[in-house]
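Heads up: the sequence shown begins at 1 in our numbering, then just goes up one per residue.
Do not take every clue at face value.
[Unchecked claim] With a straight-line cut-off of 30 Å between C-alpha atoms, the simulated DSS-like cross-links for lysine-lysine are: (1) 336 x 241; (2) 198 x 181; (3) 336 x 248; (4) 140 x 224; (5) 224 x 243; (6) 255 x 336; (7) 355 x 286; (8) 340 x 286; (9) 255 x 340; (10) 286 x 248; (11) 224 x 245; (12) 248 x 263.
If you are wondering where the hints come from, they were derived from the structure by calculation, not from laboratory data.
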Amino acid sequence: MSDVAGAAAPAAAPETGPLTLHQAAAAYAERRKKETEPQAASGDESRQEAPQQDSPQGDAGPDEHQVPGETNDTDQVDVSHETEPPIDAPRSWSKEDKEIFNGLPRETQQRLAERERSRETDFLRRQNEASEKLKGLTAKERGLEETRQQYETALPLLLNSLQGQIAGEFADIRTMQDVQKMSVEDWPRYIRWDANQKQIAAVQQEIGVAQQRQQVEYQSQFAKYAEAEDQAFTEAVPEFKDKAKAEKLQTEARKVLANLGFKDEELVRAWNGQGSLSLRDHRVQKLIHDAVKFRQSEAARANLKPAIKPIPQVQRPGVARPAGAADAERIDALSKRLDKTGDIRVAAQLYAARKAARSA
1 MSDVAGAAAP
11 AAAPETGPLT
21 LHQAAAAYAE
31 RRKKETEPQA
41 ASGDESRQEA
51 PQQDSPQGDA
61 GPDEHQVPGE
71 TNDTDQVDVS
81 HETEPPIDAP
91 RSWSKEDKEI
101 FNGLPRETQQ
111 RLAERERSRE
121 TDFLRRQNEA
131 SEKLKGLTAK
141 ERGLEETRQQ
151 YETALPLLLN
161 SLQGQIAGEF
171 ADIRTMQDVQ
181 KMSVEDWPRY
191 IRWDANQKQI
201 AAVQQEIGVA
211 QQRQQVEYQS
221 QFAKYAEAED
231 QAFTEAVPEF
241 KDKAKAEKLQ
251 TEARKVLANL
261 GFKDEELVRA
271 WNGQGSLSLR
281 DHRVQKLIHD
291 AVKFRQSEAA
301 RANLKPAIKP
311 IPQVQRPGVA
321 RPAGAADAER
331 IDALSKRLDK
341 TGDIRVAAQL
351 YAARKAARSA
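Taking the hints into account, I'd like the entire structure generated from these sequences.
Encoded structure:
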């Protein structure tokens, strides 16, 4: 009896807390295995040790002593579940948990599967409710943001109105002596003046808080903008991905901007989104002009057909050079220099030299 009672005892719960659903299923399967093994062993031993006794009726079997209509328990076959389809383990379970699930009795599988479906249904319901609440919060936050922007826009107008009221009603109050005199001689008026001053100070404080918040929000938005623009530039200029080439290009760009009149402080502030650099700035217009001229020169060079260089005539010493030889040599030298350096100023000089040669 002690062995059977020990086998039927449930598995001890872990000290860390209550059993989970998967741990309970594994413990139940382990207990069923322990229960069936001792019973099978005891049944085999009893069959081996029992002596074979001769029946008083000769070869008559034990079936002759049974009541008609009754059958032995060993002859009963449970076929209630043979035709039913198997129950699949939940998809979210691991392979090990599914193997434990397949070894459980059908009633336990049904209960676990139903409980898992109920849990998943409840999870989806909660997720949908959270999504709907999030949509509502998003709309509410959008409305609050619009209200806040309207309030911050109205603050400077309110400040101007209060200052105008002070300038009209209390135009004669200019110094602290005037304030002290008013407090002694006309204290009701002094109370109104003091209230207006406090209201102006409160509005000015609100404007300062709003400006600070707007500055923080602008810096956050500019950081995202700068990251996106840097990535777009790198995709447009693949050579900038090379660190050495990028540093060289940045150095040359600073030199060009410095030659146009930009100061280092201006460039740093503009790069960090703190400066206000307009396209109307004469330096920016000059930079754009040089870029346009360079592209026009490059397009003209691409459209020109390679000219056949004439064989130079043999000149006697002291004889004058042919007309236009100096211009041709200058154009050729500038072309070679432009090919080597790619300097926009050299391109402008080449453009001017060719124009002068054609007019001559």
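Do the hints match the structure? See the list:
1. 336 x 241: holds, 28 Å
2. 198 x 181: Given pair residue 198, residue 181 holds - Cα atoms ~19 Å apart, limit 30 Å.
3. 336 x 248: holds, 22 Å
4. 140 x 224: With Cα atoms ~25 Å apart, residue 140 and residue 224 stay inside 30 Å; holds.
5. 224 x 243: holds, 22 Å
6. 255 x 336: holds, 22 Å
7. 355 x 286: Holds. Residue 355 to residue 286 sits at ~21 Å (cutoff 30 Å).
8. 340 x 286: holds, 24 Å
9. 255 x 340: holds, 18 Å
10. 286 x 248: holds, 23 Å
11. 224 x 245: holds, 25 Å
12. 248 x 263: holds, 19 Å
When held up to the earlier numbered hints, the structure conflicts with none and fits them all.
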